[in-house]
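Protein chains: 2
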Amino acid sequence: MLIVQKFGGTSVGDLDRIQNVANRIARTVSEGHQVVVVVSAMSGETNKLVSYAEHFSDNPERAEVDMLLSSGERVTAALLSIALNEMGYSATSMTGRRAGIITDMVHTKARIERIDAAPMKNALAEGKIIVIAGFQGVNEEGRVTTLGRGGSDLSAVAVAGAIGADLCEIYTDVDGIYTTDPRIEPTAKKLDKISYDEMLELASLGAKVLQNRSVELAKKLNVNLVTRSSFSDAEGTLITKEENIMEKPLVSGIALDRNQARIALEGVVNRPGIASDIFGALATSNVNVDMIIQTSGHDDTTNMDFTVPQNELNDARSVVEQFCKKHEIKESTFDESICKVSIVGVGMKSHTGVAAKAFATMAKENINIQMISTSEIKVSMVVDEKYAELAVRALHNAYELDK
Amino acid sequence: MLIVQKFGGTSVGDLDRIQNVANRIARTVSEGHQVVVVVSAMSGETNKLVSYAEHFSDNPERAEVDMLLSSGERVTAALLSIALNEMGYSATSMTGRRAGIITDMVHTKARIERIDAAPMKNALAEGKIIVIAGFQGVNEEGRVTTLGRGGSDLSAVAVAGAIGADLCEIYTDVDGIYTTDPRIEPTAKKLDKISYDEMLELASLGAKVLQNRSVELAKKLNVNLVTRSSFSDAEGTLITKEENIMEKPLVSGIALDRNQARIALEGVVNRPGIASDIFGALATSNVNVDMIIQTSGHDDTTNMDFTVPQNELNDARSVVEQFCKKHEIKESTFDESICKVSIVGVGMKSHTGVAAKAFATMAKENINIQMISTSEIKVSMVVDEKYAELAVRALHNAYELDK
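Going down the list, the protein sequences come from chains A and B.
Taking our numbering, the leading residue of the first sequence gets 852, the next gets one more, and so forth.
Taking our numbering, the leading residue of the second sequence gets 852, the next gets one more, and so forth.
Bound conformation, chain A alone (with noise of 0.2 Å):
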């Protein structure tokens, strides 16, 4: 197999720790198969440039502050060849440009708009393993650009579309997806596949481990991502297009998001436009809005519902306060004592009865849903937070993830 295997900072944290990465490679290399590494900077290397720059600038130009950040997986990425050179395999490490990894134009946040696979390609060809720096590429003009945050896993799963990998391994100090937060549930079991609009469902679960920008990558490109640890040789959990899943459960998870505000209007007037109105100020303001419910209520007016991200909250204050002083709307609340339960799973679309489940499950155990929003594969509800716990563990006990 041709396996792309993407080591984060934590895992090439100091040189014992790429040590371990290099042996980990030779093992998947003696095994057969062809290996693609990318890499990030060595933890706390990149906080260590920010804060150099910081030192300068409250706003250093971007341009310089990619050329500064790039540097670390260049180090990475040259002390792992050296390594793996020195253990007597044949590696080489590529910078984004070397990796032909052309990006548009946006610094310190730049997309990767195509990669010219022909030198990895050649460097395969020659029976080397590329060891790739990860986080960045360069534009057109020939100047280093860096992807943002996840720079890294978007790197890797890019690469591997653009090489073809039967594989893309994202190897973190985690082993893989939970049904849900063993912190919380302790008897969560690790998934060994998911698809990946459940996986982007369950961002909140997985959001320390994968970005929603990198599963959406690989679904757009049809790789196979795996997340696993690279602190122990436990299978890690597979995230595949959903025709890969044999058997599909009917859920696969439930997530938690505590970062969750409730803002709700009250009689607002019942006038085409007004919906438009408040939420395309919110989106103005980068606000991301969540569920959104309306419901009529007292003469001509409607009431309106709706969650944003916590940390969000002021932005959208400041939004809604103006919006109600101008359409003299009688009463808004802000709740920040709310949280997001939500039950996924692709085997939703076939069977019927899973949110009356749920339902009857927070009922049982006297939760007050105060929202609730559905999608093909997903049941979200609204809980005031106190609940937190007690829902996820009640809903993963009712759907036997355990089992």
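Don't take every hint at face value.
Covered, in the sense of this in silico footprint (three residues per stretch, anywhere, with C-beta under 8 Å from a C-beta of chain A), are these stretches of chain B [as the list claims (entries may be wrong)]:
id : region
1  : 898-909
2  : 916-927
3  : 932-941
Honestly, the hints are just simulated from the structure, not real lab data.
Where is the CB? At the ideal position from N, CA and C, for every residue including glycine.
Starting from the known structure of chain A, arrange chain B on it as the hints suggest.
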């Protein structure tokens, strides 16, 4: 004027020093000059990276070492650009690649083959301050190369030549070239100007300041070099072509080289090819022979005296002992307790009596001269090491270099 300013590792050793360097550049720009900056890695960085590489291998692949080491200069260049931009100047950093520095294929000690100056000229035309990561270039395959010891100086001189700079200032922690080592002779004076050839002959005085490789390149490209301190405003020493020096001093400086050993062979059979035999073998063993004196001995034999660097004496000894066995040479002696004192000055070309005064000075001090060698602008004498300081002081005084 168009000025290249090069700052070494000590000058950019921490964030405050980088800010100081930014201030100095800003001052130069405010005076109406255009500035291209070349920087080294922050002091200690390169050694740290080398020790990382050595953790994995005693003999790391050189292309990977270049990938590794070239990151240090990138960091300094980006930080300095950020500092300058914050101060309201328009600066842009350039890697060796972006600055168009093309080298040969020899990793870790590449030679600059050519510079495509168009990107630099364009940036200068836009009024930008260019900050180049020194010590690095890119080979025809597009891989990063480094230039070896003193590489950032070479970058600066080559860039100055390529863009036709009026001046190339090398900033270090000393403020110029002195008539002799001030630790030996406190009345030593800083030279205002000196010719390339004198500088090359005075290498032992300036080795800590400038490597011969950079001076030779400056001579070849006709670049006006200035060495000065980044920690003071004192004017430095201009190293330029002889024609630019109006008043040519008889003697510019007294150099002392303690890294000398003398090998004496007595009773060497006097036949064609014998000199080629011994000195060819020494060259093959990478021993640099400096002075050679051959005198006729008893019978048909000759005596051969020559000097080698003290740190190459062990290599030389084994070559010489083999040679003596092969040719049945009676006696060989190896003497490390010598040093070489040199008087250097372009004025010697047109004046007689310079050497005679040197010999007279030695005689007056009762110092025996063991070997003599002269060139157009230099008189070198080998003397017992214990007279080193005395010889330097006596000559400094005899040629009135304190005036």
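For each hint, the structure was consulted:
| no. | hint | result |
| --- | --- | --- |
| 1 | 898-909 | holds (count 6) |
| 2 | 916-927 | holds (count 8) |
| 3 | 932-941 | holds (count 5) |
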